[in-house]
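Visitor: Here the protein sequences come in this chain order: A and B. Numbering-wise (our numbering), the first sequence opens with residue 472 and increments by one. Numbering-wise (our numbering), the second sequence opens with residue 3 and increments by one.
Please note: incorrect hints may appear among the correct ones.
[Unchecked claim] Just some of the chain B residues that point at chain A, by a computed CB distance under 10 angstroms:
hint, residue
1, D46
2, Q58
3, L61
4, R67
5, A75
6, Q80
7, W87
8, R88
9, L154
10, V158
11, E173
12, R199
13, A205
[Said to hold, decoys possible] A short list of chain B residues far from chain A (calculated; beta carbon distances all over 10 angstroms):
hint, residue
14, A31
15, R94
16, A97
17, F99
18, I106
19, N109
20, A115
21, A118
22, S140
23, E142
24, A145
25, R156
26, Q184
[Claimed, not checked] Listing some non-contacts, in silico: residues in chain A with all C-beta distances to chain B over 10 angstroms:
hint, residue
27, R487
28, T500
29, D502
30, H504
31, C508
32, H510
33, L559
34, P561
35, E592
36, R595
37, G619
38, G642
The hints are simulated quantities; they were obtained by calculation from the structure and are not laboratory data. Beta carbons: idealized from backbone N, C-alpha and C, even for Gly.
Here are the chains, one letter per residue:
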Amino acid sequence: MALEGTDRVEPLACGRDAADVWDHAEAGTLDEHERTCPHCVRARADHDRLGGLVARMAAEPLRPPPSVLEQVMGAVVADLRPHELLHLGPDAWLGRPTAEAALRHVVDTMDGLRARRCRIEQDRVPDGVGGVGAAPVWVRMTVAARFGVDLASVTARVRQMLISAGDRTLGVPITGVDILVEDLWEEPA
Amino acid sequence: MTNAQVSGRSATGAGSPRAARAAHAPSRATLDEATLVVRAQDGDAGAFEELARRHQETLFRVAVRVLGERADAEDALQEALIDAWRRIGTFRGDAAFSTWMYRIVVNRCTALARRARRTEPLPPDDGPGAPPDDGRRSPERVAEVDAEMAALSRAVASLPEEQRTAWVLRELEGLGYTEISQITGAGETAVRGRIHRARGALAERMRAWR
Numbered sequence: 472m473a474l475e476g477t478d479r480v481e482p483l484a485c486g487r488d489a490a491d492v493w494d495h496a497e498a499g500t501l502d503e504h505e506r507t508c509p510h511c512v513r514a515r516a517d518h519d520r521l522g523g524l525v526a527r528m529a530a531e532p533l534r535p536p537p538s539v540l541e542q543v544m545g546a547v548v549a550d551l552r553p554h555e556l557l558h559l560g561p562d563a564w565l566g567r568p569t570a571e572a573a574l575r576h577v578v579d580t581m582d583g584l585r586a587r588r589c590r591i592e593q594d595r596v597p598d599g600v601g602g603v604g605a606a607p608v609w610v611r612m613t614v615a616a617r618f619g620v621d622l623a624s625v626t627a628r629v630r631q632m633l634i635s636a637g638d639r640t641l642g643v644p645i646t647g648v649d650i651l652v653e654d655l656w657e658e659p660a
Numbered sequence: 003m004t005n006a007q008v009s010g011r012s013a014t015g016a017g018s019p020r021a022a023r024a025a026h027a028p029s030r031a032t033l034d035e036a037t038l039v040v041r042a043q044d045g046d047a048g049a050f051e052e053l054a055r056r057h058q059e060t061l062f063r064v065a066v067r068v069l070g071e072r073a074d075a076e077d078a079l080q081e082a083l084i085d086a087w088r089r090i091g092t093f094r095g096d097a098a099f100s101t102w103m104y105r106i107v108v109n110r111c112t113a114l115a116r117r118a119r120r121t122e123p124l125p126p127d128d129g130p131g132a133p134p135d136d137g138r139r140s141p142e143r144v145a146e147v148d149a150e151m152a153a154l155s156r157a158v159a160s161l162p163e164e165q166r167t168a169w170v171l172r173e174l175e176g177l178g179y180t181e182i183s184q185i186t187g188a189g190e191t192a193v194r195g196r197i198h199r200a201r202g203a204l205a206e207r208m209r210a211w212r
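So that you can see chain B by itself, here it is in the shape it has in the complex (with noise of 0.2 angstroms):
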């Protein structure tokens, strides 16, 4: 917004902390992004795992769907974040912070998910995440609605890998396509037909529940 800058040698003797109005010191958890990303751009360790706290929960429903195993999931989160450290002296704010992060778990995503497909398939029936709260239903209801939610999730992994990661940021993330485009790297005209083609393929494979 502005500079001004200020410099100067010290008097001797100078400087009494009473003199000062002061104030107890915010807590991490209520800074800004922005003086965080600087504070961990300067190295401070502590700023970036306050980042990495706010942002690891978002990276890692995204890492879960993306890759349709918790286990990856968290080895693709871990590897993110160790990468955003070492890299966030990259980050120049042409683009969200948040943006930058899912760039980087997407990117991890990808990678783990061809090794995987050398070594072996993913197994058809890995029903990502927690069952949902399912306290107020019917055993029965309950059982339709995770196996409904399985078959869903199954639909999902069965989709090609940058079909599955442009569906997921846009129908479980909620993000628009420019922000879609910006993340995988992929045009927006090219963004919006693998999300068209991912739909088209979940409502094909869900037609057998309906």
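The shape of chain A in the complex, shown without the other chains (with noise of 0.2 angstroms):
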């Protein structure tokens, strides 16, 4: 890459670079040479000139208002797009990014396991057949699980769990639940 003549560091006259001789000064491990030179010596004076007061600058504390996370929120909220829902039954929605942390949740109960990608299908509601109660959902569910734990039985588990809270929570029947575990942590020793 062609570099602008002021984004080089010039050797010093003793042929040591200069910001190697800044950073030997900040973490002190500072060699012989760098410790004696005249040009090293001069090269580090600066070091040694602003090294209090910067590390005074560093440690200010800096704290965004809260105003600006709330903010934030609103416009992410507002970006949820307001057409993904799941029909409940005559004239009755549920916003599917609900429903789906809904049942992120339940996995999160369950001891060794955490929940990552929550995704909730319905098959279609057929026109003018919508006084009968929610149409069925599939459920895909990645998680990732201590490791350790038995997958197999664990996995069985979720599948109960989500079925489940489909039912009582959600109002909406669950045919399927497909799991996927992606990932397995071990719990610090």
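Dock chain to chain to rebuild the complex, using the hints, since each chain is given by itself in its own frame.
Guide: Set out below in structure tokens:
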């Protein structure tokens, strides 16, 4: 890559790289030459002059007001697509992200599992047949599991829990659950 | 780490929650970053909010130091976080998530600084941020430190933009040359050069204080 002249670090008269000398002074790893050579001593004098002040600047507390995150989240929620709805019955709908968050929460309550992605797909509601209740859905869930859990039995439990939550909490019959264990984690010792 | 796919159709009436060994769901604040990122990519606004909460202070610090003004930094942070939400699907994990977030806020700061330069120059005496906690120092020393810090702030604000950004990331955030290169898109040699020039220029301007 071509560099502009101002982007290069010219070597000191002794041949050392001035940026290296500064970094070594900062890390406390100056070698014998850098401690005694007059060129290096001059190069690191600037470091010694600025060091404490820069450290104070770095330590100054700077926190954004809460209003920034509030406004960001307002925009984020407005960004969610409103047409992503699950049909619950006549004139009754449930936001798909809300339903997916509820199912993730179900997985999170299980020891050794953390929900990651969740997708709920609902069978098409035939036109004019909206009066009998929610159309069935299919759930695709990816999870991370703690190393050592019995994956076969834990995924079977996830399936049972999700189906139960669909019936009892969301009011949507779940006809199938795909579970992908995409990561394992180990508890810190 | 591994993939183990299990898929199937439910049996009618299957499933009792009592069969599972239930625990309290971990709060979002305790979830690992990889899980939060995947959930945010999946459209989970709550997961994104937790990511934003964890990173906002760092990003704000960078924005204040690069732009030299809290109000501009608040704008940059807000725009950067909304940008991050809209683009989080493009995060592939090639670099650390924090590096990706730094890159977005630095880009926002660059755009804002250029916009500001077209309208009016940054005032030379914009001291960024609140003064430090000076409870245990004498009024004379507090005034001296405040003045010295304000002088350093002015000196930082007077640096060319590319030098200022690289210097802030290195000296105030403590990042390495490789990560600064990934954030700014400049080569590592250029990054080293810019930081070195910035250090020299600041030392020169602060000589009167020693």
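Visitor: Quick check for students: does the CB of E592 (chain A) sit more than 10 angstroms from each CB in chain B?
Guide: Check passes; 14 angstroms lies beyond 10 angstroms.
Visitor: Checking the smallest CB distance to chain B, is T500 (chain A) really beyond 10 angstroms?
Guide: 15 angstroms, holds
Visitor: Beyond 10 angstroms on every Cβ pair: is that true for F99 (chain B) relative to chain A?
Guide: Its Cβ never comes within 10 angstroms of chain A, the nearest being 15 angstroms, so this holds.
Visitor: Beyond 10 angstroms from every Cβ of chain B: is that where the Cβ of G619 (chain A) lies?
Guide: 12 angstroms, holds
Visitor: If we take the beta carbon of R94 (chain B), is the closest beta carbon in chain A still more than 10 angstroms away?
Guide: 15 angstroms, holds
Visitor: A closest beta-carbon separation below 10 angstroms is what the hint needs, so does L61 (chain B) meet it against chain A?
Guide: 8 angstroms, holds
Visitor: Hold the hint about Q58 (chain B) up to the distance rule: shortest CB distance to chain A must be less than 10 angstroms.
Guide: 6 angstroms, holds
Visitor: Hey, is Q184 (chain B) genuinely clear of chain A, shortest beta carbon separation above 10 angstroms?
Guide: At about 15 angstroms from chain A, Q184 (chain B) clears the 10 angstroms cut-off, so the statement holds.
Visitor: Just double-check A97 (chain B) for me: nearest Cβ-Cβ distance to chain A has to come out over 10 angstroms.
Guide: 19 angstroms, holds
Visitor: Regarding the assertion that S140 (chain B) does not contact chain A, is the least Cβ-Cβ distance greater than 10 angstroms?
Guide: 16 angstroms, holds
Visitor: Does E142 (chain B) really sit off the interface, with its C-beta more than 10 angstroms from all C-beta atoms of chain A?
Guide: 17 angstroms, holds
Visitor: Do the numbers back the hint for A75 (chain B), that is, is its least Cβ distance to chain A under 10 angstroms?
Guide: 8 angstroms, holds
Going down the numbered hints, you'll see the structure goes against none, and every one checks out.
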